[in-house]
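Asker: First residue of the sequence shown: 0, per numbering that gives the first Met the number 0; consecutive thereafter.
These are computed hints drawn from the structure, not numbers from a lab. Hints are not guaranteed to be accurate.
Just the calculated beta-carbon pair ranges, DEER-fashion [as the list claims (entries may be wrong)]:
| hint | residue 1 | residue 2 | range |
| --- | --- | --- | --- |
| 1 | T346 | D114 | 34 to 40 Å |
| 2 | D279 | T346 | 44 to 50 Å |
| 3 | A266 | R94 | 34 to 40 Å |
| 4 | A266 | Y179 | 20 to 26 Å |
| 5 | F261 | D198 | 30 to 36 Å |
| 6 | K265 | K232 | 35 to 41 Å |
| 7 | D287 | Q77 | 19 to 25 Å |
| 8 | A140 | L174 | 22 to 28 Å |
| 9 | P298 | L75 | 37 to 43 Å |
| 10 | T95 | N297 | 19 to 25 Å |
| 11 | S182 | S233 | 20 to 26 Å |
| 12 | E184 | H278 | 31 to 37 Å |
| 13 | R291 | L174 | 42 to 48 Å |
| 14 | F136 | D279 | 19 to 25 Å |
Predicted, not measured: the structure shown is a model, and the values here were computed from it. Cβ atoms here follow ideal geometry from the backbone N, Cα and C, with glycine treated the same way.
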Amino acid sequence: MTGLLCCVFRLRFLSVGLFLAGLLLSACESLPSPPPIPRPVEEMMQDFTLFTDPVSMLGERPPGSVKEAAEYYLQLFQPGDRLPRIFETTHIYDRTGTLLAEIFNEGRRTWAEIDRISPYLIDATIATEDSTFFFNFGIDARRIVGAAIQNAEAGEIVSGASTITMQTARTLFLLPTNRYNQSMERKSIELEMARQLSDRFSKAEILEIYLNLANYGHLAYGPEAASQVYFGKSAADLSQAEATLLAGIPQQPANLDLFTDFAAAKARQRVVLNLMVRHDYLQPEEADAIYRQPVRLNPRSDVTPSLTPHFTQFIEAELDRFLVGAHLVRVAAGGRWDSRRAGLEVTTT
0 MTGLLCCVFR LRFLSVGLFL AGLLLSACES LPSPPPIPRP VEEMMQDFTL FTDPVSMLGE
60 RPPGSVKEAA EYYLQLFQPG DRLPRIFETT HIYDRTGTLL AEIFNEGRRT WAEIDRISPY
120 LIDATIATED STFFFNFGID ARRIVGAAIQ NAEAGEIVSG ASTITMQTAR TLFLLPTNRY
180 NQSMERKSIE LEMARQLSDR FSKAEILEIY LNLANYGHLA YGPEAASQVY FGKSAADLSQ
240 AEATLLAGIP QQPANLDLFT DFAAAKARQR VVLNLMVRHD YLQPEEADAI YRQPVRLNPR
300 SDVTPSLTPH FTQFIEAELD RFLVGAHLVR VAAGGRWDSR RAGLEVTTT
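Take the sequences, apply the hints, and build the full model.
Answerer: Next comes the structure, spelled out in structure tokens:
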């Protein structure tokens with residue numbers, strides 16, 4: 000599918016990209032002159048205008064919930080074993096509702112709808128990642144031009160310009176090996192996919208996908224799992240201090256894990272709070288007060304809860320046997336079952 004996208008977008012966008020890059024490079028006296036423009040400007044702009052409503056590669060918006068639509072696109076654009084692409088933690092409870100165990104493969108995730116995510120986390124994320132999110136059409140032209148100028152002056156990639164919608168499109172539609180390719184062709188595909196994503200999903204829906212696919216470190220994906228892992232509470236109940244800590248993690252989840260380097264995470268929180276002040280979410284004194292608020296980490300997060308380990312293993316084996324017999328799951332590579340990533344809620348008798 001990615002190859003087909005390349006064929007559709009290459010001729011249309013590559014020439015426009017070269018032209019824009021040439022204009023930016025020509026402004027930098029220390030850099031060599033750009034190559035000649037291959038076609039008249041008028042013809043190029045006419046071609047670009049005709050492409051503003053292309054034959055869509057995404058088709059109609061998939062039916063179902065936001066999560067189901069995201070899963071559909073991941074299955075379509077990222078081939079491989081037919082496992083659920085959006086893995087979720089399976090929880091096993093006893094008949095009284097007490098959690099006995101969590102079972103998972105890649106990491107923990109419990110999908111949270113947007114109205115179950117703290118508005119503090121939403122505001123902090125938007126201020127940090129894409130301050131014009133609610134006003135742009137998936138692409139922020141000002142940021143793209145600004146980043147291009149910085150990169151041209153530096154002679155290397157020193158600044159990005161990806162909006163939340165562009166980051167979401169990159170995750171949904173590009174293979175992991177292609178997501179950070181800096182070629183003009185890949186960027187052109189990402190821009191067009193972001194535009195088409197904006198046509199099919201509301202801002203709230205795009206934000207829900209983005210947040211739930213985000214890596215918050217410590218094997219926690221999405222705000223609900225991150226809130227439970229770090230603070231032992233739901234994503235809906237995050238304080239401002241907790242939310243601004245989480246909002247800074249996805250940029251470097253391995254380095255900003257709250258358990259392994261809290262000092263680095265606090266330094267990143269300061270950056271998040273400064274951005275919230277810059278974009279009028281907070282007053283400076285409010286940001287300072289939030290930064291000083293104490294945060295209590297969840298002491299049980301390093302160990303997956305398992306109150307009855309032998310019974311839990313028996314339940315997991317029975318669950319696999321039942322689901323495979325009912326043709327509800329398939330065997331994954333390495334012998335793991337889909338039940339470990341299907342987000343099941345299992346109540347024992």
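Asker: Next step is simple, just say for each hint if it's right about the structure.
Answerer: Evaluated hints:
Separation of T346 from D114 is about 25 Å and departs from the stated range, judged on CB atoms against 34 to 40 Å. The beta-carbon spacing between D279 and T346, approximately 47 Å, falls within the hinted interval of 44 to 50 Å. For A266 and R94, the hinted distance range of 34 to 40 Å is not satisfied, since their beta carbons lie about 46 Å from each other. Between A266 and Y179 the beta carbon distance is about 24 Å. The supplied range of 20 to 26 Å therefore holds.
Distance hint check: the CB atoms of F261 and D198 are about 41 Å apart, inconsistent with the given range 30 to 36 Å. A beta carbon spacing of about 19 Å between K265 and K232 contradicts the range 35 to 41 Å that was offered as a hint. Range check, D287 to Q77: Cβ separation about 43 Å, and the 19 to 25 Å hint is violated. Under the hint 22 to 28 Å, the C-beta atoms of A140 and L174, about 27 Å apart, fit the expected range.
Between P298 and L75 the Cβ separation comes to about 42 Å, which falls inside the hinted range of 37 to 43 Å. For the hinted restraint 19 to 25 Å between T95 and N297, the CB-CB distance of approximately 22 Å keeps it satisfied. As the Cβ distance of S182 to S233 is approximately 41 Å, the hint placing it in 20 to 26 Å is violated. At about 32 Å, the CB distance of E184 to H278 agrees with the hint of 31 to 37 Å.
Taking 42 to 48 Å as the suggested C-beta distance range, the pair R291 and L174 conforms, at roughly 43 Å. The hinted window of 19 to 25 Å between F136 and D279 holds, with their beta carbons roughly 22 Å apart.
Checked against the numbered hints given earlier, the structure breaks hints 1, 3, 5, 6, 7, 11 and satisfies all the rest.
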